[in-house]
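Asker: Protein chains in written order, with my numbering: chain A, 219 to 332; chain B, 119 to 372; chain C, 44 to 131.
Careful, some of the hints might be misleading.
Unchecked claim - Covered stretches of chain A, as calculated for chain C (at least 3 residues, CB under 8 Å):
(1) 248 to 257
(2) 263 to 272
(3) 290 to 299
What the hints assert, rightly or not - Covered stretches of chain C (chain A as the covering partner; in silico rule of three or more C-beta atoms under 8 Å from a C-beta of chain A):
(4) 45 to 56
(5) 92 to 103
(6) 106 to 115
Hints in this document: simulated from the structure, not taken from any laboratory.
Source: prediction; values computed, not measured.
We put the beta carbon where it would ideally sit given N, CA and C, even for glycine.
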Amino acid sequence: MSVLPYLVAGWIFLVGVYGLATSRHLVHAVGCLAVAQSSTYVLLLAVGYRRGATAPVFSDIPPGTTVVDPVVQALALTDVVVGATVTALLLALVVQTRKRHGTVDPDELSGLKG
Amino acid sequence: MTRRARLWVLAAGLLGTAALFAAACLRMPPFGGTWHPYGDRAVAAAIAQRTANTVSSVNFDQRALDTLGEESILFAAVLGTVVLLRRTPDERRVAPQPASVPPALRRYAITVLPLALLIGLYVVAHGQLSPGGGFQGGVVVATALHLLYIGVDHRALERVRPVGLYELADGVGEGAYVVLGAAGLLAGSAYLANTLPHGTFNTLASGGTVPLLNAAVGMEVASAVVVLLARFLAQALEIVDEKTVDEKEEKEKE
Amino acid sequence: MREALDDTLVAASLLLVAAAATAAALTRDPARQAVVLSLLALALALALLFTVLQAPDVALSQLAVGSAVTPLMILLTVRRVRRRRRRE
Numbered sequence: 219m220s221v222l223p224y225l226v227a228g229w230i231f232l233v234g235v236y237g238l239a240t241s242r243h244l245v246h247a248v249g250c251l252a253v254a255q256s257s258t259y260v261l262l263l264a265v266g267y268r269r270g271a272t273a274p275v276f277s278d279i280p281p282g283t284t285v286v287d288p289v290v291q292a293l294a295l296t297d298v299v300v301g302a303t304v305t306a307l308l309l310a311l312v313v314q315t316r317k318r319h320g321t322v323d324p325d326e327l328s329g330l331k332g
Numbered sequence: 119m120t121r122r123a124r125l126w127v128l129a130a131g132l133l134g135t136a137a138l139f140a141a142a143c144l145r146m147p148p149f150g151g152t153w154h155p156y157g158d159r160a161v162a163a164a165i166a167q168r169t170a171n172t173v174s175s176v177n178f179d180q181r182a183l184d185t186l187g188e189e190s191i192l193f194a195a196v197l198g199t200v201v202l203l204r205r206t207p208d209e210r211r212v213a214p215q216p217a218s219v220p221p222a223l224r225r226y227a228i229t230v231l232p233l234a235l236l237i238g239l240y241v242v243a244h245g246q247l248s249p250g251g252g253f254q255g256g257v258v259v260a261t262a263l264h265l266l267y268i269g270v271d272h273r274a275l276e277r278v279r280p281v282g283l284y285e286l287a288d289g290v291g292e293g294a295y296v297v298l299g300a301a302g303l304l305a306g307s308a309y310l311a312n313t314l315p316h317g318t319f320n321t322l323a324s325g326g327t328v329p330l331l332n333a334a335v336g337m338e339v340a341s342a343v344v345v346l347l348a349r350f351l352a353q354a355l356e357i358v359d360e361k362t363v364d365e366k367e368e369k370e371k372e
Numbered sequence: 044m045r046e047a048l049d050d051t052l053v054a055a056s057l058l059l060v061a062a063a064a065t066a067a068a069l070t071r072d073p074a075r076q077a078v079v080l081s082l083l084a085l086a087l088a089l090a091l092l093f094t095v096l097q098a099p100d101v102a103l104s105q106l107a108v109g110s111a112v113t114p115l116m117i118l119l120t121v122r123r124v125r126r127r128r129r130r131e
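The following block holds chain A by itself, in its conformation from the complex (with noise of 0.2 Å):
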């Protein structure tokens, strides 16, 4: 147990990859790479994860409860948010490559160089 939330980060980043790689579709490898970044937000909030204590909101409980570590829910909340727009940017390049090059298959790509 103190290793498996940093190996399922290990696993869900391996297998994003290998989608990524994979691909034959690169609305397809958009999504992989979002499966891929999801593995960061795991492994920053396994990391931050302290054992029997609650989240560190202190609207409800008293000060100086022990609670989980902020600083890595705060990373992790950010990057949710502006990893979407990332993917966006993603895919407006997608729908570009499709009107020029009239494809979305990356194998297909490399032979239209120029």
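Given chain A, put chains B and C in place with the hints provided.
Answerer: Just chains B and C, lined up with the frame of chain A:
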């Protein structure tokens, strides 16, 4: 490189990464342990600044400059998407057609819309107290507006959603964050320093600049999501190539 | 006792996330990937995991973005890309 060779390179890379990562995991502090030096200090600092939600305190006070960077990535990504998805000369815009929606769905969407909008605004406003804040609340507000697309149709959505205004609001949100940061400099302290009075712990006006920066981010995120979805909706539903339209018209003539 | 229960919940949601992520990466059809797996199953599993890990802020963020905004954008892109293909 052939597809087969590429798969071998990929396999080598994945296995190497997996081995190194697994080795690193074994040397990490065990999951759920008690050693959190940064977390402990961040919690103490948040309580000293009277911000009940320590995550918001980290985002908008202790690491506010980092959030400015994140926000700028968001702004740049939205800008890039808007530029990439603009209508080109060889494309034509077709006005969206009215769509028929089952009355039950329409009733549901119209009932839920104001509720979802209110929840979104609540989540933004209470970011310094309870889980939530500008990032999450902004997304909720933006998606709530799109219930109009589900419940009525694209035309109704376009009527209540002047995209230009939201593009402006996106910039204003980003600008407000930068200006609020400069207020720290004017007060004789550092950029983005929390110089306002911190207020009473666990009340809506606590946390000094946290609720203000929170609101700026909420505005930026909400308008960013509205603008992004508007661009994608336009691409999927309105913008067509000249050729496609011609074909459709030809078919209609036949 | 409570910690043992917490551990079980964390382990269960971790496995759920791993399964959802694997399924999402291996679903080749982008539209199906968006709707069925990547962002409905994965986003919900992640939100569950984050809640169990005592991170309600992140769970809220993930739920709002992952279950609505990202899949909608992917589906709209797929629709745009497919419609152009039909004319050829």
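Asker: All hints, please: hold or fail.
Answerer: Evaluation of the provided hints:
Residue count for the region 248 to 257 of chain A with a Cβ under 8 Å from a Cβ of chain C: 7. That meets the three needed, and the coverage hint holds. With 8 residues bearing a CB less than 8 Å from a CB of chain C, the region 263 to 272 of chain A meets the requirement of three and the coverage assertion stands. Requiring three or more residues with a Cβ within less than 8 Å of a Cβ of chain C, the coverage given for the region 290 to 299 of chain A holds, as 6 such residues are present. Residue count for the region 45 to 56 of chain C with a Cβ under 8 Å from a Cβ of chain A: 6. That meets the three needed, and the coverage hint holds.
Only residues whose beta carbon comes within less than 8 Å of a beta carbon in chain A count, and the region 92 to 103 of chain C has 8; three or more means the coverage holds. Figure legend: the region 106 to 115 of chain C, annotated as covered by chain A; annotation consistent (4 residues with Cβ-Cβ distances under 8 Å, at least 3 required).
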